[in-house]
Amino acid sequence: MAEKDGSTRLSAPAAAEPEASQQEQRKQSHQSMGQNKPYLAHSKNDREREGSMDPPRPSDLYGAPRGMLDRSLQAQLGRQLRAIFSDVAQEPVPERFIKLLEALEAREKRR
Amino acid sequence: MNSDSSSLKQALLGLIPNLRAFAVSLCGDIERADDLVQETLLKAWDHLESFQEGTNLRAWLFTILRNTYFSECRRRRREVEDRDGSKASDLAVHPGQQGHLDMQDFRRALNVLPPDQREALILVGAAGFSYEEAAAISSCAVGTIKSRVNRARAKLTEMLGVATPREFGPDSATEAIVARTVGSSRQS
Numbered sequence: 001m002a003e004k005d006g007s008t009r010l011s012a013p014a015a016a017e018p019e020a021s022q023q024e025q026r027k028q029s030h031q032s033m034g035q036n037k038p039y040l041a042h043s044k045n046d047r048e049r050e051g052s053m054d055p056p057r058p059s060d061l062y063g064a065p066r067g068m069l070d071r072s073l074q075a076q077l078g079r080q081l082r083a084i085f086s087d088v089a090q091e092p093v094p095e096r097f098i099k100l101l102e103a104l105e106a107r108e109k110r111r
Numbered sequence: 001m002n003s004d005s006s007s008l009k010q011a012l013l014g015l016i017p018n019l020r021a022f023a024v025s026l027c028g029d030i031e032r033a034d035d036l037v038q039e040t041l042l043k044a045w046d047h048l049e050s051f052q053e054g055t056n057l058r059a060w061l062f063t064i065l066r067n068t069y070f071s072e073c074r075r076r077r078r079e080v081e082d083r084d085g086s087k088a089s090d091l092a093v094h095p096g097q098q099g100h101l102d103m104q105d106f107r108r109a110l111n112v113l114p115p116d117q118r119e120a121l122i123l124v125g126a127a128g129f130s131y132e133e134a135a136a137i138s139s140c141a142v143g144t145i146k147s148r149v150n151r152a153r154a155k156l157t158e159m160l161g162v163a164t165p166r167e168f169g170p171d172s173a174t175e176a177i178v179a180r181t182v183g184s185s186r187q188s
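Same order as they appear, the protein sequences are chains A and B. Counted the way this note's numbering counts, the first sequence spans residues 1 to 111. Counted the way this note's numbering counts, the second sequence spans residues 1 to 188.
Okay, chain B solo, but in the shape it has when bound (with noise of 0.2 Å):
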C-alpha cells in the first residue's frame, strides 16, 4: 500500500493546479475554491476504490469537486441566489473601456451566469474536456451540456457584447454624450 499511496500522492499534487483553477472559475472565489480542492482531496483519497482503474483521475476529481461544488450550492441556495442578484445588478458597462472585454467585467459576467451553464462553459471552453466527457463529469446528457454552453456564450456575449466596438462610432458617442447630459441634468 506504501507504495500506492506515494504514487496516488504523486498523481494528486500533478492535478491540483487543474482543480484549483477548475474550483476558481466555478465558485469565484480562491478561498472557497481551495476549500473545495481540499475537500475534494480528502474524499478522493479515502474513496480511491470508487475510481475505475485506467480511467481517466482528472475527470473523476472534476466530478468529486463539482459533486462537492453544487451540493454546497444547494445548502446555501438561499444566500447563493441573494449574492448573484447583487453582482447582477453591479454588472455595469464601463464607456472608456470600450475596444476590449475587460478581465474584471468578464470575471463578473461569469460569476452571475448560472452554476450549470459556468460549469459546462468551463469544462468545455477552458478545462479541455469534449462534450462527452464534460455530459459524464456533470451526469447529464450530451445535448444538455450543448446546449448550456451555448446558452452560457449567448448570455456572456450579450452581457459583455455591449462593450466591444460594435458600439464605436457617432451613434453611440453621441447616445454617450446624451445620456451623461440626461443623466447630470437628473442630479441637479
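If we strip away everything but chain A, and leave its shape as in the complex, we get (with noise of 0.2 Å):
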C-alpha cells in the first residue's frame, strides 16, 4: 500500500477530514482575511455595531424613547458579551495545556 513516492502517511485520519475539505472550499474567504486581528473585540466596528459605549445614564433610561433604551440594552449586552469571553481570556494557560504540547513536541522530535 506504498504510495508513488514510496513513503506511507502515518497521519491524517479519516475522522478529522471535514476540517480539511472545509477549509479547501473557504480557502477563498479566508485569503481575504486580515491576518493577526488583535485578539480582544475592542475594534471600531465592533464600536459602531453595538451603539455607544459609555454607561447609560439615566435621564436615557426613565422616560427615554424605546430605541433608545434598546441601544442602550444592546450596548450593555455587547459588553457583558464582552466580559464573559474576555474573563475567561485573561487567564493564564492552565497546567495540561502546556504539559499537553510539551508531550506533543517531544513525540515530534522522536521521529
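It is worth saying that the hints were derived from the structure and are not from the lab. Warning: the hint list may mix true and false statements.
[As the list claims (entries may be wrong)] Cut-off 20 Å, straight-line C-alpha distance, at most; resulting in silico cross-link-like pairs (PhoX-like, lysine-lysine): (1) A/LYS99 with B/LYS9; (2) A/LYS99 with A/LYS109; (3) A/LYS109 with B/LYS146.
[Stated by the list, open to error] Chain B stretches covered by chain A per the calculated footprint, using a threshold of three residues with CB under 8 Å from any CB of chain A: (4) 21-31; (5) 110-124; (6) 147-161.
Glycine included, each C-beta is placed from N, C-alpha and C at the ideal position.
Now that you have both chains on their own, put them together as the hints suggest.
Given below as C-alpha cells:
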C-alpha cells in the first residue's frame, strides 16, 4: 500500500478530514481575511455595531423613547458578552495544556 | 521539523486563552470547554498540513473547535435539547435586580440561545471577527451570520429586557405588588 514516492502517510486519519475539506472550500474567503488581528474585540466596528460604549445615563433610561432604551440595552449586552469572553481569555494557560503541547513536541522530536 | 514544532507550540500556547474563552462562551461549561480545547489542539497538531500558510491561525483553530463542538452536539442532540429545555424554564427575572443585567442571568440567557445563533454572536460580538470571517469559520453565508447575530440580539433583549429600568415606575411596582399578593394568596 505504498504510495508513488514510496512513503506511507502516518497522519491524517479520516475522522478529522471534514475540517480539511471545508478548509479547502473556504480557501478563498480565508485568504481575504486580515492577519494577526487583535485577539479581543474592541475595534471601532464593534463600537459602531453595539452603539455607544458609554454607560447608560439615568436620563436615557427613564422616560426615554423605546429605541434609545433598546440601544443602551444592546450596548450593555455587548459589554457583558465581551466580559464573559475576556474573563476567560485573561486567565493563564492551564498546566494540562502546557504539558500536552510539550508531549506533542517531544513526540515530534522522536520521529 | 524541530524548529517548526517549537514555533507551532509557541503559536498554539499563545492562542489557548482565546480558544478557552470561545469554548466556554459556546458551551457554557469550563470543563467541557477545556476538553474541546484539548481536542482542538490535538487535531491542529496532527493536521497542520491542512492549514493554509499565511492565513489566520486563530480563525483556523476556532473553525476546528466549533466543528468539534457541533459534531459533539449532533451526537448528543437529545441530551442537549433536554438540558436547554430545563434551562429555558429556569430563566426567571428577579425583581430585586431591576436596573442592571445580572451576569448570571446573562450567562443563562446566552446558553438558552440556539447554538448557531450563540456562535455567531460570540464570534462577531466578543471574539472580534468580522461578519466575513465569522461566515468562513461557520461555513455559511455572510447574510446567514448577520441574521443569526440579529436574532440572537433580539432574543437576548427579549429575555433580559424585562430586568432593565424600562420596567421601573409606579406601574411595574404596582404590578409586582399585585403579583406578590396574588402569588401569596394562591399559596395560602
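Which hint numbers does the structure go against, in order from smallest to largest? Violated hint (a single one): 3; every other hint is consistent with the structure.
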